[in-house]
Amino acid sequence: MLQTDFEILHQYSACHRLWQGIPSIECTEKGRLFSAFYSGGTTEQLGNYCVLLKSDDGGDTWSEPIAAADAGGSYRCYDPCLWIDPLGRLWFIWAVMPDHAVWASLCDHPDADDLHWSPPRIIGHDVMMNKPIIASTGEWLFPMAVWDEGVLVISECPTPQQERGSFVYRSYDQGQSFQKIGGADVKERSFDEHMLLEKYDGALWMLVRTRYGIGQSYSYDGGCTWTPGEDSGLGGPCSRFQIRRLTSGNLLLVNHHHFQGRNNLTALLSQDDGKTWDSHLLLDERSSVSYPDVTERDGYLYITYDRERGAAYNPTISPETSAREILFAKITEADILAGSLVHTGSFLKRIISKLGDYDGPDPRLQELNCKIPRYVSVLARETSGEAIVSAILRDYGRCCVNLHHQDTDTVDACIAKLLERSMADDIYAKSATIQQLITILLANEKAPSAPVDMLMEEVFEYVRMHLPQEITLDAMASALHISKFYLCHIFKRKTGITLMQYVLNRRITTAKQLLSTTRYSVTEISVRVGYNSAAYFAKLFKDMTGVSPSQYRESMEQSK
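Under this note's numbering, the letters of the sequence shown match residues 1 to 560, in that order.
Not one of these hints is a red herring.
Okay, the calculated beta carbon distance ranges per label pair: (1) Asp201 with His10: 49 to 55 Å; (2) Arg350 with Gln436: 47 to 53 Å; (3) Ala424 with Leu467: 37 to 43 Å; (4) Thr383 with Asn505: 30 to 36 Å; (5) Pro160 with Tyr502: 16 to 22 Å; (6) Gly58 with Met454: 57 to 63 Å.
Think of the hints as simulated: they come from the structure by calculation, not from any bench. Note that CB positions come from ideal geometry on N, CA and C, so glycine has one too.
All chains should be modelled from the sequences, with the hints used to inform the complete structure.
What follows is the structure in structure tokens.
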């Protein structure tokens, strides 16, 4: 998912992007700047990806992408967040839909010439766009949200999470593990984009984007319980904002001030823990400036934002007519107090990335020859056959339910070939096999498909009917007319266990029922649940339950 190969990264360069926005910024101990934002396609859609750029000259010039988070055309990577933790590690965080998961990859030495990233991993659900905070207790608190009912970017990808709110995830062990500890449900919240701040009295202050501006909630037990949401009075045009405690102890708020829509992006300073905001500096007065992010280093405040993203919110407007800029300002607290730039090192409206002429394939075209090549080139460089197959089934497995039995055999043969160790280093052979496999799957993409739930019911019925017999994956897949690899993939995805684990569990569960409700002998029961050897069945039963079949029957009789 995280691409760092420069040959592959070329396809994410500025000339291949039609729009861009939603930035994040960080600055290392030695002054290296990082910028992340997302793009892909023509708007916020499946196929979005996040890119990471860097600058080694204070922001005068910026690289093309040095990394990209991309999960393929059936997914979207979006809302990136950059954060340098107290250990000096750079966190590159992004959300993935339709998985509704927050992923993170870490770079231990972000000032190094060669940057090395940890394998991406899930740290929570669904979206996290703003930086964590370090509480006075030493705990790391991450703001992650599950959007409110009716708040959707892609209607086909609703969240599976039942609990919705602006949540707090806590880490006691410097980001090795995370626990969701609580959250607020502020009325009229819109995409949440919430931020956390610890007040001087120890309370946690949560600010949340709402339709009326910015809502607030407080926690007095470290983030576990939160007060009912209310209007903070800070105002805003229902857009992202930033708040953080500075090294000086003062509070910085970046918000739209005296605004008409998303204009007048302003830095405000509070010297009384958020009671008043008397000092302010106008960062950008123009319209369509939005989504600020902030970091602080050596007395400077780095504030990034986007301008006229160029996303196709209105299909009648060509993206080329928009500025499509990612910008940043470098200011000090003294500048805010003065209401103008007074420090010689300060500046406003400096460009990180500005899109020009587009020189890539039209992402609005959906023909196969436009969908396959980049996907194939990325996968073919993966050495693990299991990882390749998993990615293909994740992105295109839904097409397997429509296959003719001859195509099913071909699909399984292609997958088996990709899993062979001899294929690991043969990029050309892998590319040809991947292309053949995806072409077959995509050819069946528009055929009427049976619901996955119906397939699961067929699996359950097959196991029930064949429980006394030997059950093999090949036989089951053949009977259900489906790829055996896809069958394993979708069963594990839907149930959390493997298909063979389910068969074993059904055998043991049925045996328990027979032991407690009939007088069949252990030998008879072993045959009825598919084991010809009573001794093997008894050993397996004890391994699974901790008691022998006879002991289980006795305990059930005593409990009646």
